[in-house]
Every structure is written in C-alpha cells, then in structure tokens.
Amino acid sequence: MTADTATSAPVATALSWRVRLEESLLPPIAALLIALVVGDILILSFGQSPAAVYRILIEGTWGNAYGIGQVLYKATTLTFTGLAVALGIRAGVFNIGAESQLAAGGFAAAAVGLLFPAALPALVAAPLLIVAAAVGGGVVGAVPGALKARFGASEVIVTIMLNFIVLAFLNWIVSSRLHVPETLHTPEINTGEIPRLAAFADVFRGSAANLTILLAIAVTVAVWWYLFRTRAGYELRAVGLQPEAAEYGGVSVPRVWLKAMTISGALAGLGGVNYVLGYKHYYEEGFAAGSGFVGIAVALVGRNHPLGVVVAALLFATLSQGGLAVNALVPKQMVEVLQAVVIIAVATVVPEVRRAVRSVRRA
Amino acid sequence: MTFLVLLAQTLRIAVPYLLAASGGVMSERAGLIALSLEGYMLSGAFAAALGSYYGASPWLGLLAGLSAGTLVALLYAVATIRFRADQVVVGIAINLLAIGLTRFFLRLAFDSSSNSPRVAGFSDVTEAGESIASSGLMEALTNPVVIIGLLAVPLTALVLYRTPFGLRTRAVGEHPQAAVTLGVPVARVRYMAVAISGALAGLGGTYLALDQHQFTDSMTAGRGFIALAAVIFGRWDPTRVAIACVLFAAAETLMIHLQGAGGIPSQFVEMIPYLLTIVALAGLVGRSRPPAALGKAEE
Chain A
114 MTADTATSAP
124 VATALSWRVR
134 LEESLLPPIA
144 ALLIALVVGD
154 ILILSFGQSP
164 AAVYRILIEG
174 TWGNAYGIGQ
184 VLYKATTLTF
194 TGLAVALGIR
204 AGVFNIGAES
214 QLAAGGFAAA
224 AVGLLFPAAL
234 PALVAAPLLI
244 VAAAVGGGVV
254 GAVPGALKAR
264 FGASEVIVTI
274 MLNFIVLAFL
284 NWIVSSRLHV
294 PETLHTPEIN
304 TGEIPRLAAF
314 ADVFRGSAAN
324 LTILLAIAVT
334 VAVWWYLFRT
344 RAGYELRAVG
354 LQPEAAEYGG
364 VSVPRVWLKA
374 MTISGALAGL
384 GGVNYVLGYK
394 HYYEEGFAAG
404 SGFVGIAVAL
414 VGRNHPLGVV
424 VAALLFATLS
434 QGGLAVNALV
444 PKQMVEVLQA
454 VVIIAVATVV
464 PEVRRAVRSV
474 RRA
Chain B
85 MTFLVLLAQT
95 LRIAVPYLLA
105 ASGGVMSERA
115 GLIALSLEGY
125 MLSGAFAAAL
135 GSYYGASPWL
145 GLLAGLSAGT
155 LVALLYAVAT
165 IRFRADQVVV
175 GIAINLLAIG
185 LTRFFLRLAF
195 DSSSNSPRVA
205 GFSDVTEAGE
215 SIASSGLMEA
225 LTNPVVIIGL
235 LAVPLTALVL
245 YRTPFGLRTR
255 AVGEHPQAAV
265 TLGVPVARVR
275 YMAVAISGAL
285 AGLGGTYLAL
295 DQHQFTDSMT
305 AGRGFIALAA
315 VIFGRWDPTR
325 VAIACVLFAA
335 AETLMIHLQG
345 AGGIPSQFVE
355 MIPYLLTIVA
365 LAGLVGRSRP
375 PAALGKAEE
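Which chain is which? The protein sequence lines are A and B, in order.
Heads up, the first sequence is in the working numbering, so the first residue is 114 and it goes up one at a time.
Heads up, the second sequence is in the working numbering, so the first residue is 85 and it goes up one at a time.
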C-alpha cells in the first residue's frame, strides 16, 4: 500500500543530477500552481482580491518576528509527524496514526512531568520527558506494527481505528482523573520546561517558538543518518522497495515492519514535546489536532526524504499560520482546503509530471 | 423506557451507518478503499442543508446531498482510477477537503463558523421522538431517507450478487486482469461503483442534516469511519455489514441510556466498533479476507 511516489523515487538515483533536480522540484511546483488556482477561485468567490490576500498571507507569516516564530513552532510539530509518516513509507508501511501517536506522546510527557518532583533540575527532567514522549508515541505505533507483523492486518485500517480508540481513552483519563476543573487540560508539569526563543531574542515575544526546534533538527539528521547510512536503515528501505527481495536477502520483513511502525510512532510522539514542554507545559485535548494528517501531506510533498520533510513542514506551517493572518478577508478555512488540494495534486500530478519529464527526455 | 423507544432510537442511529456502509461495500468490492466515506457524508450533509434551505424543500435537500456525495466520490475516482494516485493518500485528503470546503462555504453561505440556520426536514421526529414514547418508531418509518436506508442493504446485496453489474464489480475487485480479458470495462465499472458509494454515503449525511434540521461543523463526527469499520467487521458482505451497523447503533443507544445510570464511561462504548474491527482484521474471530485487488489501481 505504499504510495507510488515513494517507491519510484530511488529509481532516479541512476539518472543524472539534472533529471533528479527536475523530478524533485517540478512536481511540488505543479502542485503549488494547482493550489494557487483553487485558492484564487475561493478568494474570488468571497469577493476579495487574490493578490491582496496572498500579500497579507506572506506579510503575516514571514514579514515579522512573531509570524516567523509561529511558523517555526508549527513547522516543528509538522516535522515530527512528517518524519514519522516518511519513515513508515520508506519501509512500505503507511502510518495514518500519527494523529493519536502525537497525542499519546504529549500525554506521556505531561503525565511523567506531573510525577517528577519540582526540585528535579529541568536539564535532567527535560531529556527524560522527551524519552517519555517517544515511548508514548512508540507504544501506540507498535500495536499496528505488531498486528501487521503477526497477523497481516492492514496497518492503514488499524492506525485509523486506533486514532479513535487512543483519543477516546486519553479523553476519558484526562476528563475523569487529571484535568484542572473547568478545563480540558492537565495541571502544569512540575519541571522540564524547554525555554522559548523569546528568552534569547526579545523580538520573538508572544510567539510559541521554543528550543524544541533544535530537537527537531537533531532528529531530522538522525533519521537521515539512520535511513541512508546504517545497515538497519538499508534493510528498512529494502523492505519498502521490494519485500520479497529483502526477505530473500535474509531480512525478516515482519520484524522490519514492527520496528518501522514503532520508530514512526515514537517520532510522531516526539511532536508532543513542542507543545507540552516548550509551549503550554500541560497536556490538552486536541493540542495539535490535524497535525498527524497534515504530516502525511508533509511526507508526500517532501518526497519522504528528511530534508524534504523539513522544507514541506515549513511550507504547510506557513499556510496554516497564513490562514490566521488573512482571516479578516477570507475564512481561514481556505487554508484547510488548500492543504487538501496540495495532497491530491501531489498524489495525482506527481506520476504524471514525472512521466512527462521522462518522455520529453527520451524524445 | 419501552423496547419500542430503544428500537426507534437504534434505527435512527443506524440509518446513516447503513447508507454509508452499503456504499463502502460497493466501493471496496470494486477494489477501491472506502477511506473517504466520512468526506462524502459530510459533503452530503452540507449540500442537503443548503438545498433544503434555498429550495425550501427537504426533497431538494435530498437531491443536493446525494449529488454532492456523488461528485466528491467522482473526484476520488478520477484521482485514483484515471491518474492512478494512491488510494489511501487521496482518501484521507478527500476527508480533509470535505471538512475545509464545508467550513469555507458555511461562512460564505450562512456567515457562520458553527452551523446553518434551521432547514426543513422530512418529519419533526426530533421533537416528537423525545416526548412521545410510542410514536418515535412510526415517525421514523415515514421518513423517506430512513426507508431508503433500510432498502439500501437488500438492494446492495441484490445488485452485487444477482445482476451482471454486480458480478463485474466483484470481478474487478478480485481479479481485474481476468475481468479485462473477458471484456469487462474495468475503469467504467469502478467509476460506477465509486459513484454509487458516494451517492449512498451522501444520503447518509443528508439524513443527519435533515434529521437535525441544520448543518453543524463536522457533524458526521467519525460516522464514515464507523461505517468503514462495519464494512470490515462485516467481512465485505452486505448482510453481515448491515448486522454490524445495527450492532454498533444498538451499543450507542445503550450508551445514551446508561450514561445517567453511572455505568461504563461513554468513551469505552465509543471504542467498541473500532476495537471489534481491529480484532476482526487480526483474524482473531473467523477469517477476514478483503477483496484481492483492494487498493490496487493498475488494470
């Protein structure tokens, strides 16, 4: 059930760098153009000028420090969920469960943070809470991995169903045991907060951006290293490209599926750090609702490459923050439509564009 | 709290499931994953409210809801059949698209970010059903969407097992290469099956909007996924799928009545359909075998 876009990417390695560049740049550009056209139609249907709306969208995001901070904050969460989906696809498993793995990671970090004594130094507590977030997401990811490995159950369906189960469970535990009265969130963690960017540069005051960005960068590099520079990563990609061949080559395919889903869940869970440790210091229901699904878009547009994921995360974060900026002119929901259009466009246009590029080259 | 009240309530909860799940069976038996039932339903619900509001008639709402579901499903079909895009990716995206579009046009048409104004429905079962214990069932049974919902299952079974189109649909979903060899127009059959699934799920959404006399933001609330759960738990067979739908609806009905009694937390009842689906998929109860060509776009 791997995306066609995922499996065919490595074929390009045999071609020249120019072809590779064209093939990796043209599809996202084509998708963006389609999204722009749809955006124009939506903006015009609301009786506004597309040029004015797009100008405000850019000014409200990259035009000032607060906007940049907000984009960076959102991109941090999306980098984690994007990496989660991308790593899964590389192994031939489609993780639709980043949504609940992210929530479970955030919840685990908050719950452990509540158990720690306030006297524990943040420098000691924060790494432990980061591990808790990874474990929380990893456990949720391991379930569909194990069910696929053991029974061949479709991870797509199991992760979708688990989204509902896990979110209902977290809703129960927070609303019945852990919430602050009159709210949907837990009390604040006792220790382990990650400082905001505003603590170092005053221009970022008010924005949610925090040092979790550094964690995101480190994890991105680590995922790249794991996928392309280690034996385990090679096996993982081999299973994603051609499971029968990998099996023949001595790789245990079910074990790789389980491992990939667990790592994928852990990556998504780490996204919870951004909100719980870096921003609000508590777990709240729906703290990053939708980030799991947008993570699929991020992985697709980023062509399942860690670097591409970061670029795509910045793009989708800009869209998301830009929606808030233009809300006075057009409903911010326009952005939700555009995100979906980008996904559909990339999924449909990419094979078409690549085929066209190839045929031009052959002629 | 008589048996009839529980029955009427179960029926009302089951109707959208039955409609969407029948659509899901058609789509999946033709080889196309029905991940976007939720999106079809939501689009159908919004269009139904729009049609009923501007047309001042629930019948126009029904027509609009059915058409919207079909149109959105055709978008899925074009992307996955014509362009061979990945079904899971497009399926998820269609759901996001439906949420975004309905929210955007809710602002555009009704200048609201939460709900539409009150629209005409087929009956005022909402008000009457709560107070008059015995009449809930009769009111529900005179609702045309309920009747269509109850007919959807036997009709799906009939079409799937007793008509040439049904035979072709199953062939296309099991072994498209063989179907091609026999001269079956694989793409056309798939387009038809997906269009039908969109129409049925759109009707499911129509029922929700007309029953509550308004569209509210994200009003389908995962019902499309419960329908998908029923399709899988019912092993892709219309009769079993219908039983699954009624089972899930009955669990919800019981939950509503148990809540005051301090029974099991509602969240655990909510999990039932999803847990059962995972258990079924893992093959822990009986053998679960999806259509062989499910998710494969190539012909």
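Think of the hints as simulated: they come from the structure by calculation, not from any bench.
The structure displayed is predicted, hence computed values, not measured ones.
Accuracy of the hints is not assured; some may be wrong.
[Said to hold, decoys possible] Interface residues of chain A toward chain B, partial, derived using beta-carbon atoms under 10 angstroms:
(1) Ile-209
(2) Arg-263
(3) Phe-313
(4) Asp-315
(5) Val-316
[Claimed, not checked] A short list of chain B residues far from chain A (calculated; beta carbon distances all over 10 angstroms):
(6) Leu-90
(7) Ile-176
(8) Phe-188
(9) Leu-192
(10) Glu-258
(11) Pro-269
(12) Thr-323
[Claimed, not checked] Derived EDC-like pairs (lysine to aspartate or glutamate); straight-line CA-CA distance at most 20 angstroms:
(13) B/Lys-380 to B/Asp-301
(14) A/Lys-393 to A/Glu-465
(15) B/Lys-380 to A/Asp-315
(16) B/Lys-380 to A/Glu-295
(17) A/Lys-393 to A/Asp-315
(18) A/Lys-372 to A/Glu-357
Quick reminder that beta carbons are idealized off the backbone N, C-alpha and C, glycines included.
Task: Unsatisfied constraints (hint numbers, rising) - done: 3, 4, 5, 7, 8, 9, 13, 14, 15, 16
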